[in-house]
Amino acid sequence: QDGIEEFRIGILGGENAQDRLNSHECLKEYTEEALGVPVKLFAPADYDGVIQGLLGGTIDMAWLGASAYAKTYLDDPEAVEPVLVKINLDGSYGYHSIGFARKDSNIASLDDMAGKKFGFGDPNSTSGYLIPSIEIPQETGATMENGDYFGEVVFTGGHEQTIVAVNNGDVDGGVTWADGQGNWEDGYNSGALRKAVDAGLIDMNDLVEIWRSKPIPEGPIVLRKALPQEVKATMTQLIDGMYDEDRDCTYNISAGESLGFDPISHDAYLSIIDARKSKSQ
Amino acid sequence: MLRIEQLTKTFGRNTAVDAATVAVDKPMMIGIIGRSGAGKSTLLRMLNRLTDHTSGRVSCEGREVTALRGAEKRAWQADCAMIFQQFNLVPRMDVVSNVLHGTLNRRSTLATLFNLFPAADIHRAIDILDRLGIAEHAPKRAEALSGGQQQRVAIARALMQDPKIILADEPIASLDPMNAQIVMDALRRIHEEDGRTVIANLHTLDTARRYCDRVIGMLHGRIVFDGTPEQLTTGVARDIYGADAGFSEAATSTAIEPVETAPERAVHGAKAIV
Amino acid sequence: MLRIEQLTKTFGRNTAVDAATVAVDKPMMIGIIGRSGAGKSTLLRMLNRLTDHTSGRVSCEGREVTALRGAEKRAWQADCAMIFQQFNLVPRMDVVSNVLHGTLNRRSTLATLFNLFPAADIHRAIDILDRLGIAEHAPKRAEALSGGQQQRVAIARALMQDPKIILADEPIASLDPMNAQIVMDALRRIHEEDGRTVIANLHTLDTARRYCDRVIGMLHGRIVFDGTPEQLTTGVARDIYGADAGFSEAATSTAIEPVETAPERAVHGAKAIV
Amino acid sequence: MSGGRVAAVRDDYMELTRRKRLYSGILLAVFVALMVSGFMVADARNAGGFWDGWTNVLDFPRVVVAEAAEKAGELPGHLIAFFPALIETINIAAVSTLFGVLGGALLSMLSTRGLARWPRLIPLFRRMMDVMRAIPEIVIALVLIFVLGGGPVPAMIAIAFHTVGALGKLFSEVNENASLKPVEGLASVGATWTQRMVLGVMPQVAPNYLSYALLRFEINIRASAILGFVGAGGIGYELKNAMSWGQGQYDESAAIFLLLFATIVTFDQVSSLARDRLTHGRKSEMLHQ
Amino acid sequence: MTMTADNAPDLRAQAGRLFRRKRLTAFGIPLLVLVYLVYAVFAFDVPGLIRTADPENGRTLIRDSYSYKTHVSRDNRSGEVSVAIEGERKGQYPDGTAPGWVALGETTVITLDGGGIVTFGPDEVSYDIPGYGLVTARPGNGGANATFPTEELPEWINASKNRVAITTDEARLTITRRKTEVFRYETGWELFFFTLDSPYHGVGPGEIAARAMSGELPAIWNDFWHNRMWRHADVAWALFETVLMAFLGTFGAALVALPLAFLAARNFTPLMIVQQVARRFFDFFRGVDALIWTIVLARAFGPGPLTGALAILVTDTGSFGKMFSEALENVDGRQIEGLQSTGAKPVQRYRFGVIPQVTPVLLSQVLYFFESNTRSATVIGAITGGGIGLLLTQAMITQKDWEEVTYYIVLVVLMVFAMDWFSGWLRRRLIRGDDSGH
Ligand SMILES: Nc1ncnc2c1ncn2[C@@H]1O[C@H](COP(=O)(O)OP(=O)(O)OP(=O)(O)O)[C@@H](O)[C@H]1O
Ligand SMILES: Nc1ncnc2c1ncn2[C@@H]1O[C@H](COP(=O)(O)OP(=O)(O)OP(=O)(O)O)[C@@H](O)[C@H]1O
Ligand SMILES: [Mg+2]
Ligand SMILES: [Mg+2]
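Residue numbers (my numbering), protein chains in the order written: chain A, 1 to 281; chain B, 1001 to 1274; chain C, 2001 to 2274; chain D, 3001 to 3289; chain E, 4001 to 4438.
If you are wondering where the hints come from, they were derived from the structure by calculation, not from laboratory data.
A virtual CB, placed ideally from N, CA and C, is assigned to each residue, including glycine.
Take these hints with a grain of salt, some might be off.
One-sided and incomplete, this derived list gives chain D residues near chain E with beta-carbon spacing under 7 Å [as the list claims (entries may be wrong)]:
| # | residue |
| --- | --- |
| 1 | A3033 |
| 2 | S3037 |
| 3 | A3042 |
| 4 | W3051 |
| 5 | G3053 |
| 6 | V3057 |
| 7 | G3149 |
| 8 | E3184 |
| 9 | P3203 |
| 10 | A3206 |
| 11 | P3207 |
| 12 | L3210 |
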């Protein structure tokens, strides 16, 4: 098969669906110009929607989280290949999973969380589930099973829900993502906390950080392997060069300030894949 | 005792009862006659406060009936039992429960919802049923009874209310002559033995003549006759029924046996049925 | 022309029709009588191939009717129209469409599925309806017609089939005497004017006597009588109906006017109805 | 009848037929056009096309079944592990059906002519039921999750809210067929409104109410499973998490699915049996409402 | 009218027993319900819920649903002041412009409704709170550096070294090292019709009408329809997509289920096996539930309205199959036999003997489903990614923009109302008006 008739881009959650589509409108235009075929944007309700789309061959490109990429790879190694990764303002490409709790609940560290209710985000999220579910037991020395260390462990469904749940006291502590740079009061420079602060949802004075993971590699932009070679090359080149071409569009598609994208390969995610594999046993 | 003054009811532009004035000074059995649409039912329903009046007043032993509201109105309804042409029982409930409904006003709502009627009431209900000759049907569902039996259950419910006044809206219109007589006999006996006032809408002249102490005739909502049965001549009846000269009383008769006071008419009536 | 030989139908252990043998050599009007359960309907249904036979054979002008299958069987059904006691029309469709159903066998399936019938057929249908006196009801829904009119629509559908034989299973059993006569007259006229064979199950003796050239009597599935109406004496009728001496023909009569051939019996019948 | 009149009948009928054919032709054409163009629009707007996708329909079940079969030994354990979640789902459905029946009965009586406590407010109560029926459960559930926090209660309230509207409408139809005579009889003895309703109306309508309530219960089980999927707890929540994680937990997904399927089928059968006994409910109007 | 002395006690005892039995049910059933509800209270952890439930959230939600907030923010490093509705880029006032209550300048002065005045000076930020006093802050490297008029802080001031938040009835002020921000709530759905960059923003309805008449209608419409804040075009499309899913799903299911229903109907399929297989097939489709079909189909078809439509189609095929086959089992066989006797082919028998009979029943069932499926499509859309359901749930999950949520809810309810009305109308028209059996 030499050509394609259309190009379909999947966009992960974090913002409301329509905003996501809007902020990718510029990418759509560039892509249509570069490939000469119609481009469609999709904003499924959760991580799994995009993953299933990639696996089923109904989505050609997406920016995945590391864990989501691992899942895609484990389900079908021939489905997608990572091509690019976002570079932070300081040149790194990692971020952190941040554990946090309400200040007035007198929880200041993981130790205080014993017997309490703990909230993950989406099961396919790297920072919202995979990494903390591996690193936290290492610290507590107990599993994440209900009643083992924590009184109860739940999935809230996503980063936003975790933040609101902690803020409301529905769960005593939870994990979400942040770049870990800048001030706690602002919700750091970027990440789910920052967005919540900007939206006026939470007051960081009410919250405390109780745990922080080791740096987590930023998720890759992936392309479906079955795409024709020149399509993959064109798309990689397009996004790689986006930072120099159009800062605004880069800001839009990378959900904040960044230095654009760098190439990356499968090997960067081996450790995450291993982590995920170990959780799947 | 019971005083109806200028009582009027209009439905839209239609005046169903027009300035009815009646005074009842001692317990008696009153029959109201008149042709269909004359306003008989409406008058009775206003007395029981099932229908609100438009103007005028009803008072009874110092109570301004037409002014009562809420609980007081319901208390009046309890004192003034009503019997309907279609019995208006709860068909799927047993006979005793239907009779006990007569005490609803006196008992607390909650208790009655849970079927908590005092044993004394239950016994009294059975006694009343016995008095009306249908005690053996006590546990049956009301719908399983014949029309005449159901009407007697309705009377039992009325008696259970221990009312001062019993209103009966064409109590025998849905009954065959045999049952009609049993029911009218029961009403008469209640009047005589208990001394309660009974006001019954009747659609047959001979029944009114035979059972009532006083007859009220209505036409187009107005009371056009009020007197003893003796005063109710065929000419008066024609006026009440607004009938032309061809009017024959026999057409409205349901008697099954010759009425003593008017044997020739009853025979006439009996023939018309066969 | 039509030849029924040793035709038998058993339902489980019950023999509905037992070795029936009949030969029809020229178009005639045949009445089949017998009491309920005698097997009349089953016989007719086997002729139309609505019910499969158990043994024996039916042949008609060289066609071995009982051996036909698929399209050939349907072609035979088209040649051998059937009229039912309950009319068996499509009540929600208009009269003309119902009549047009008589052509279903001849027209292509696809066209008919979309209700596309040739204009010529529609005209013929209306002519037939006119012949039966119900043309003005053509656009109405079948269910809007009276029983007698519906049966005439059914006859119209049968005629629309342009059949050699018309089978009628108690065509007048659901009709009042007035309509019954109209329908039987129509069948007779069809036989006389078009020269079609009509075989009708009838539940009244006088109808059979009055309208048929030949009467077949059935009892317990067997043909126990086959002859002219004249040969059908009251004694024979008693045998057919398996009745005791108290049997009175009048009980089965539905005539509304004296029948010429047997005036005294019809008067008898007329009295019984009043 | 003269030939002229037959001709007139003929012409009239032909005209009628032509008109009818035209109308049904147009209707059919419009319907087909809507279906086809609708399909094409949906197909174009979908990520994967229908013609490419339908051969892959079994992909996902195949993966799930393969993993479940591989770990068949763990299945009974999973079934037990997820049983409490199933109970929670059933509880949500049961409690919301209970409240729905109570609220629906009340609202239906308030909005039936002849029974209403405040006859003037009938239109108000009717509109109230319409609105309650129209708002999808998921909307109420999500709002309540925001206010009350996640868990079964928001789902329960959301489903109960909807159920009140749906059952209220059906109940008021039942009420309309109830005889007013007993009610009037009770009114004449001075019974309160509550007494009239409970003693006079309930005995008449109870079998129909029960039949509708059973059907609603069955529907609410599905609804509560779906709401679990958006964060309201129960078996839907477990299913979503297991399904999202994917490979490694497909055996759990399969177990949850089995539980859910068995439950739905069981209640479906039980309720239709029970309803057949009570009376015939109108399923078409009930499902999904 | 007698009761012999000896059967009286008997009847009384009988009635007594009757009432004991009645009381038992009268108490028993409510008691069982009550016990169950008490169990449910604990099973659902209602006490815990009451403890953690936050009425404040409810209040925020209600207030947000009918009001919008304007953010006036000062970048504490550069001193630049920007004004934006909902703090969104799309709602930003062009440089140098601001609503009337914000006076831009060397020192920006913000006058609030309750008489409070906030100033953003070159180095200092202040908030003069009526009835409390003046709060000043010099945000910078040392933190917020705020000074308050009282020692003891009221509960509506939440201050730490690095961050100060003051919430009053008239506005909210937050100060961090990086940024100072004032949120002011105002009633209404600002920018609902036109965004700030549109020339029609703030123009009265009369004037708009006049200008529309004078040939600007396309431009006005364009500005409204493509409003970047409220995105009317996208919302309209989403509504359409939802109805489309319901339409395709319902009617597709009806078309698929009709022939299959014949297989499951006792009177049309003599083969027990075929019948049973068809019925189990329907049970399976129904039992699996739209939810799971959505997940299964999403893999094959990806996100989008088609997937939702197919999920509805599959589930409803099961429901329709069952209901249709029941309707078919109730058909009147005489009509069919009448046609059979004319030699009609089987297909013709079904067409004229069966279809006209079942059409009214089936049609009304299908239309009922169509109406209720618009509601289901909202939910399915939320899962599979399409339609108004996705917009709604996403707007809710991200928990800002409650006014948009309100807007979507109103639209969904109106949509369902409209479908309710439409299907009722169609049902009345088609079933009454159809007299040829189509
Ligand atoms: N609820 C109502 N609404 C409107 N008009 C009414 C109503 N009830 C009674 N009417 C009218 O009031 C008039 C008197 O009716 P009413 O029932 O009192 O007559 P009646 O003498 O009892 O007649 P009948 O012998 O038929 O019972 C009639 O014209 C009737 O149509
Ligand atoms: N489909 C069937 N299955 C079993 N038995 C049948 C069936 N049809 C008819 N029978 C039996 O066959 C016998 C003859 O029935 P048939 O209907 O032919 O009688 P009939 O003479 O038409 O009676 P009727 O005057 O009542 O219509 C009866 O005993 C009947 O019970
Ligand atoms: Mg009356
Ligand atoms: Mg027969």
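Quiz prompt | Unmet hints by their number, sorted upward, for this structure | solution = The structure conflicts with hints 1, 2, 4, 8, 9, 10, 11 and 12, although it agrees with all the remaining ones.
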